[in-house]
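J.: One-letter residues, chain by chain:
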Amino acid sequence: MTETLSPAVPSTAQSEAPLLEIRDAAVALKSGNRTMVSGVSLSVMPREVFGIVGESGSGKTLLTRTLLGLQDDAYVAAGSVRFDGRDIPSQGYAASARKLLGHSIGFVPQDPFSSLNPSMKIGKQITEAIHLAKGWPMGAEKTREAAIRLMGEVGIPEPALAFDQYPDQFSGGMRQRIVFAIALSQDPKLLVADEPTTALDAITQRRVIELILDRSRSHGLAVILISHNLELLRQSVGRIAVLYGGQLHTIVDAGDIGTRVVHPYAEALFACIPTREKELADIRSIPGEPVGAGFGLTGCAFSTRCAHAEPICRTAPLPLNERLAPRFSACILGRGA
Amino acid sequence: MSVFAKLWSYPKTNIERVALVLVLAIVLLAIIGPFIAPFDPLKIAFRSKLHAPSLEHWLGTDGSGRDVLSRLLHGAQLTLSATMLVLVVVVAIGCAIGIFSAFVGGAVDNMLMRLTDIWLGFPPLILALGFASALGASLSAAIWALIFSWWPNYARLSRMVTSDILSQKFIASADALGVPTHRKVFHYVIPNALDVLVVQVALDVSAVMLAISGLSFIGVGAQIPAPEWGAMIADGRSYVANGWWIVLAPGLAIFLTAVSFNVVGDMLRRELDPTSRRR
Amino acid sequence: MAETPLPMVELQGVSKSFARRLFIQNRSFALRGIDITIGRGEVVGILGESGSGKSTVANIVTCLTGYDGGTYRFKGRDIATFTRRERFAFKSDVQIVFQDPYGSLNPRATVRASVMESLLLHRRDLDKAGRMERADLLLEEVGIPASAGDRFPHEFSGGQRQRIAIARAIAVEPELLVCDEPLSSLDVSIQAQILELFVRMIRERALTIVFISHDVNVVRLICDRVYVMNQGAVVESGPARDVLSNPKNEYTARLLDAVY
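Protein chains in written order, with my numbering: chain A, 1 to 337; chain B, 1 to 279; chain C, 1 to 260.
Calculated from the structure, these hints are not laboratory results.
Computed from a predicted model, the values in this text were never measured in an experiment.
For each residue, glycine too, the CB sits at the ideal point set by N, CA and C.
It is possible that part of the hints are untrue.
Stated by the list, open to error - No more than 30 angstroms apart at the CA atoms, straight line, and that leaves these computed lysine-lysine pairs for BS3-like:
1. Lys189(A) to Lys99(A)
2. Lys121(A) to Lys189(A)
3. Lys184(B) to Lys128(C)
4. Lys121(A) to Lys134(A)
5. Lys142(A) to Lys99(A)
6. Lys99(A) to Lys30(A)
7. Lys75(C) to Lys169(B)
8. Lys189(A) to Lys134(A)
9. Lys99(A) to Lys124(A)
10. Lys30(A) to Lys6(B)
11. Lys169(B) to Lys128(C)
12. Lys169(B) to Lys184(B)
13. Lys134(A) to Lys99(A)
14. Lys121(A) to Lys142(A)
15. Lys248(C) to Lys278(A)
16. Lys30(A) to Lys12(B)
17. Lys124(A) to Lys134(A)
18. Lys184(B) to Lys6(B)
Stated by the list, open to error - Some chain A residues close to chain C (C-beta under 7 angstroms, calculated; not the full set):
19. Asp201
20. Gln235
21. Pro274
22. Ile283
As the list claims (entries may be wrong) - Quick list of the computed label-pair ranges, beta carbon to beta carbon:
23. Gln165(A) to Ala89(C): 49 to 55 angstroms
24. Arg151(C) to Ala52(B): 57 to 63 angstroms
25. Leu161(A) to Pro239(C): 42 to 48 angstroms
26. Ala146(C) to His219(A): 57 to 63 angstroms
27. Glu279(A) to Gly105(B): 44 to 50 angstroms
28. Ser157(C) to Leu256(B): 43 to 49 angstroms
29. Asp117(B) to Tyr166(A): 32 to 38 angstroms
Make the full structure from the sequences, and use the hints.
T.: Okay, structure coming up:
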């Protein structure tokens, strides 16, 4: 196992236990018990920057929000989740997960415009988060100092002034930094960022992503970065979990994408993206429409569009072996393994 | 037939199913009522006055010996057709003004909408009373009064819906093609506004009907002996002690019609809502 | 190709202050005197972030919105001098494909009817059967089976709706097609499909294309020339590959650095 560890996992991690360990998790909707996401096994090491990629409808947001206890209309239907050496009990899962969200896990949602309270000064929103995480004994002046320091760290200019301003006085990028500061206020071990830059301009996007990566390096923060942009993840993270149609299809090293044979969907998805290096001839679309989560096939969700698909792909369940390996391919034909 | 199949797929609770059946039954009775009524609704027969419900007179007879069931069936047509007349005219006038206002925009739009606002300020019943006293009390006076006071609701609603539609991308795409205004109105705005209007009309059926019956009840609408439901209650008032059925029948008819149209209106609002239909 | 003496589109010092129009909420942004020239047969990219004014350019070029200063000459003629009839004829020369495929089709018209409407307005020589036949051909051309023509927009996916919007736009056989961020609200794998459709149309149809996008890589791949816009002004222009590999302007350089 040691020689297969991804480059982004620090070498000391070899002896460490994973920070987050998800085994065969499935997510179902409460109404109708429809399974939307199934067979998700992955582990994130301490200090690792981990990516999850998927098109819209792949179930990446539903999976993340349900695992964090934030999705009211869905529940964890199967599997186990272990964070920082402790199982999150399946009884009362959402409440336990939300408790973790208060102090060990930070969450940055997609929309910087709606995730802040518009009628509360941003300083108050950050100090409130600090209080929630650390309790009251800190004292008002100290909390204020901590908040201003944190705002400075996430790159908000003149934090002492910004402390008394309202969210609508800031641009999208700045608001996302404020959300980021709130997520960091509890000094979490893991930061989960769901499409944190989708609503932002290219230049701002790059800055926010780099801010997250810097924080990971300087504070040993593990990060799960969720995006539809495979190229962004390829350049930013160590390993990438690829979701499609509510199934986890592969976990690959970012460096292997575009250079080695990987899982057919990861390969096909990468072929769709115009990158800096590509020419027009390098871009190949995937025929057909994406299959949404909860599609109800028994076999591989991608088999309807896969260039390598054979009849067995539609019926045989995805192989589950070695699901906890740092990288794997759930392709039954053994491609990209 | 597929219209009915589609309609029948809307109700989600038993109350809604009952309401939908009632609405369809009431509409049917309003159409065929006068043909199946066993007696002449106006024929006075003092010898058989105040008969309790029996096999001959299912709902009994009133203080002048008229058959209550026959009056109720004729009244269904009278009340509902008056309601429909009010709504058709009100929708036509209101929508014409609202759509025009939204298309023209600017100062004209502002002026028209302020005018409707002022108009809306008059309480409709008071306005209707004034109207009835000017024109003389009759069903047509009540209808005129309601038309007069009800159109601003539809002007506002259609103005709002239209400007909402006009701000959408497919209108920009129509502009890029050079689609002329009349085509925009009939192919873009009206079809897309229809859902909202249908719902409002369904909800307003009960309101207008109650208003007509109410006006008749207080004596400024249909006049006794016309078999209008509100007038029937007014007429039966004095017999409540020894002829409870005279008031109960039209009262129950008004109640059931109003409630079932309301339930169906709410149901349509839910089912025709484009955001819920998208799935 | 660009040797034709008269350019298709010539914007000279066109400016626009914040529009105050009631019904068009295009998030339009002001323009500060821009010059843009588009030659016949060219594929010209207009690259910029949101708020740069690039969509305002799209709306001005298609005459969906007016402008305050400068001149817009279309095939050598100032559009301000167009008669009513010329204005209508202009609509069959210039067409637009919008970003949002969910909003750009009339939800209450079948997709065939949407395509046929283009023909009804601008191909008066065709009868109903002829329009229907043409519409089906156009749908097939963009990859929608003609048998699906009787369906309504909400029964299609975003990518399919974008194809239908393209069929409706090219139905009038425009000389100039303005594409306002046609890919950005689509899924990654669908973006590539629509990109391939554009590449095929550029090859097969004698189309002049204005491709408005924030995606540096797409513009580099399909455009001959590019205008880079920032805050309502053109900051750099030139052959797409030169500009996007050797930017001279500081903003362009920053943008290129940021792109993944």
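J.: Check the structure against each numbered hint from earlier and tell me which ones fail, lowest number first.
T.: none
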